[in-house]
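Trainee: For chain E, the structure is supplied; the task is to place chain P on it using the hints.
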Amino acid sequence: MTNQRPLLPTAVVGSYAMPGWLERLKTDYFLRRISRHDLDEIHDTAVKAAIKDQEAAGIDIVTDGELRRDNLIDYFALRLPGVEIDHGSKKFYYDFFDSVIRGKMPMATLGLVEDFRFLRRYTDRATKFTVTGPHSLVKRIRNEHYKDEAEFALDVARALNLELRELVKAGATYLQVDEPYYSGFPEDLTWSIPALNVMVDGVEAKIGLHVCYGNRYGKPSWEGSYRYLFPAILEAKLDQLTLEFARRGVEDLGLFREFEPPFELGLGVIDVKSHTVETPAMVGERIRRALDVVPAERLYINPDCGLLHLPGEVAFQKLAAMVEGTKIVRGEL
Amino acid sequence: MILHVNFLPGERAGAAALVGEVVAALESAPADRRMLARLRVHLDWIQYRQSFREAVAVRRAVDCRGAAMPLVELAIDVRQATRAGLAPALAAALEREPGGVALESFGPLRASVIWGFNTLFWQHVAAWEAVSGRPFEHVLPSGRSDANHPQAIADAVADFWTLLRDLEMRNQLPPEIFVLEIGVGTGARAAQWLDRFRELDAERGRGFYPRLRFLLSDYSSRILDRAAQAVRGHREVSSFIALDALNPFKTLAFLRYKLLHIHLTNVYDNLPTDEMVRKDGRFFAVETRAYLPAALAAAIAEEFELPAEELARTIGKFLGVGPDYFPDRRRGVEFWQAVWRAVRLEERLVELEDLAAARLPSGLDPAHIEECVRAAPAEVRFHLSTGAVESFLNTVPLLHPRGFLQVQDIFVTDMDEYRQGFRGPGKLDGSVVNWINGALLREVGARAGYDVHFAPFHYRPDSRTKILYTTQRD
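Order-wise, the sequence lines are chains E and P.
Under numbering that gives the first Met the number 0, the letters of the first sequence match residues 0 to 332, in that order.
Under numbering that gives the first Met the number 0, the letters of the second sequence match residues 0 to 473, in that order.
If you are wondering where the hints come from, they were derived from the structure by calculation, not from laboratory data.
Even glycine gets a Cβ: it sits at the ideal position worked out from N, Cα and C.
Some hints here could point you the wrong way.
[As the list claims (entries may be wrong)] Covered by chain P, per the in silico footprint, the following chain E stretches (three or more residues, Cβ under 8 Å):
#1 144-154
#2 209-222
[To be verified] With a straight-line cut-off of 25 Å between C-alpha atoms, the simulated SDA-like cross-links for lysine to any residue are:
#3 P:K249 / E:G311
#4 P:K257 / E:M281
#5 E:K138 / P:R446
#6 E:K89 / E:D39
#7 E:K138 / P:A447
#8 P:K257 / E:D251
#9 E:K90 / P:R446
#10 E:K89 / P:R373
#11 P:K257 / E:E222
#12 P:K249 / E:F95
#13 E:K138 / P:M168
#14 E:K89 / P:E369
#15 E:K138 / P:L163
#16 P:K257 / E:Y216
#17 P:K257 / E:G248
#18 P:K249 / E:G217
#19 P:K257 / P:E304
#20 P:K249 / E:D39
Isolated chain E, as found in the complex (with noise of 0.2 Å):
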């Protein structure tokens, strides 16, 4: 295993593109037309594929891409305890499940522990897991036993921690929390950075926190600026914030220059959100504006958000471009 971070370490945030062809599969099995067991098999060969593509592009911190993932809800939803799942309420694989909650949950780990150890099977690169953080889950499943949002995140706080404890023994050194509701709800993080605090509670790995403004369909679902998450988020027991700055500008990097966060930065530097590849040059003045605010040791290097609408090939040629924008930075330290 290759754990020597360079400076500057690239990484991605998650998903990496989900070919149209995995994405008809996908829903075939929804159609029962293709089994489970095929999925599964079908599943690890996108995997591996996905890996072999981040490293070919010379990503330093690779994920599986969460290519079995339907969406950063329902993978979740559907191995909470307690939670209920309408299998019927779904036609296409990329939408939500129906799922609610109608009694206290149980506390059970999630079981995602195997695609840990499927990711580090097949590389030798430094790993990033990622798992949506309770405020995302609470806000998709219906709640009808608990108060409150507050109370029933809570719970689905302490249900990840456990997973999170299992990850680390498994060997996982970095995890990331995937948050993306943060910014159409500013006014939850009253209780939802408590709730990520419990998660995350314990845990002995780096934690990182992935906030953007959403890209579902590879859309935005709100636009603003990160000023609301400051103060509040100082609060997060975190070592890395993961932002995204490519599309939206680095206007609210002097946020980090204005309440000088104990964190880590992940800077977004990819626009998943359009197919026009960034040039190396374009990366590197993005990662210079960065540079004068956050020193490059808490500096790390990704797309804004995950690739998973991207066709292949783009998102490949954009990483590429990340990692040689990169690399003339760090030959300019």
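Mentor: Just chain P now, kept in the frame of chain E:
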């Protein structure tokens, strides 16, 4: 033989008697009797005063290798067909392919020469109106456009206002409020909308009006000049942009995710389209060939003193130049109107090996169509709404995450409606009109991240207009 009565018979239709005549005529028709077992007869009421159909037309079919198939359809327009004329028309249609002057070869409807006529109409609408002596809007079923209904506009402004207020309360309202109308025409609707918006702003004192950036768009700067007059009282907040309704993103890419509201009225029904048929478990593409019936072609040639054999070529040149092709412009328009009245479409069905192998229009994939026909009747002919789909997919990327698209038009919102009446194409003055497959747009929208909804246009009794609006799909 299977007889399809694709409309709800009324007193005027006289369908019952006509059905008897059809059967009698087929008994005595000189057609191959073996054909009868496979024959489909479709009785339609063509709702347009002018259409591309003869009273009786035959649709033949070819397989995916181009070989003739035994499948034959008879299409009868009950509005045109008379009991006396039916038998000879039927015999003639079965006996031979339509003669006359072909204006093109068989191909997809979206590529037909009729769209050249349609473009010409919008380029020279003033010249057309001058000769016909009435404004275009007077040929609409209600004699006026639903686009300009004051209450509909007031309600649309109020809905938009609610959105702005909600965004402002959440500190998510952008500093500039971008609104786009595609196909503004005279600018009458835009003017009413802006008047009402300013009025509401004054009443409620939120200060949204000065932040408004209203973009009026149409395909030509000449039309925009006319629209500019209509909105001259809102000069500070209005901009004028010539763009292709098929691809607004091409012109406005710099406004990606910025537009809070986009509106279109009667644009989709005027964009190129294609049709598809599902029959006997197989899919067929409908191909068309524009032609002028022999008698009408001869009359036009005589009236305009043109050699009959040169007519097709002359029409081709005319479409490139416009009414000024004739030394006397008025005479040019008269020629154009005569030709347009005469243009018919011959149709044939081309079997598709499967949907995956079909050359589908841009933006459509087999999954959209499969999903759409899942709930459709087993035998159905439907629009692919090629231009509407293209326009929709090239418009929604401009929407702000909380923004919405609103389209007033004639939509088929349930596939079952396709067997309850004729849905186009027809002629509306010098333009082409088609219903739009809303059910398909719903599928296309869902895959693009938008839920597509339809509401009735309840502001005018008996209006066929519906209002499409989008919400963000979670």
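Trainee: Please verify whether K138 of chain E and R446 of chain P have alpha carbons no more than 25 Å apart.
Mentor: holds, 22 Å
Trainee: Is K257 of chain P within 25 Å of M281 of chain E, Cα to Cα?
Mentor: Measuring from Cα to Cα gives roughly 23 Å; hence the hint holds.
Trainee: Mind checking the alpha carbons of K249 of chain P and G217 of chain E for me, to see if they're no more than 25 Å apart?
Mentor: holds, 18 Å
Trainee: K257 of chain P and G248 of chain E were given as a pair; does the straight-line alpha-carbon distance stay at or below 25 Å?
Mentor: holds, 14 Å
Trainee: Given the hinted pair K257 of chain P and Y216 of chain E, is their Cα-Cα distance within 25 Å?
Mentor: With a Cα-Cα distance of about 17 Å, the restraint between K257 of chain P and Y216 of chain E holds, given a limit of 25 Å.
Trainee: Compare the distance between the alpha carbons of K257 of chain P and D251 of chain E with 25 Å, and conclude whether the hinted pair is satisfied.
Mentor: Holds - the C-alpha atoms of D251 of chain E and K257 of chain P are around 18 Å apart, at most 25 Å.
Trainee: Quickly compare the C-alpha distance for K138 of chain E and M168 of chain P to 25 Å and report which way the hint goes.
Mentor: Distance of about 21 Å is within 25 Å: holds.
Trainee: Cut-off 8 Å, C-beta pairs, minimum 3 residues; does the coverage of the region 209-222 of chain E by chain P stand?
Mentor: Result for this restraint: holds, n = 10.
Trainee: Taking 25 Å as the top limit, are the C-alpha atoms of K89 of chain E and R373 of chain P close enough?
Mentor: Given that 25 Å is the threshold and the Cα spacing comes to 15 Å, the pair holds.
Trainee: Given the proposed pairing of K249 of chain P with D39 of chain E, does the C-alpha separation stay at or below 25 Å?
Mentor: Since the Cα atoms of K249 of chain P and D39 of chain E sit roughly 41 Å apart, the hinted pair is violated (cutoff 25 Å).
Trainee: Would you say the region 144-154 of chain E counts as covered by chain P, given the rule of at least 3 residues with C-beta under 8 Å?
Mentor: violated (count 0)
Trainee: Taking only the CA atoms, is the gap from K90 of chain E to R446 of chain P under or equal to 25 Å?
Mentor: Satisfied, since the Cα-Cα distance of roughly 12 Å is no more than 25 Å.
Going through the hint list in order, the structure does not satisfy hints 1, 12, 19, 20.
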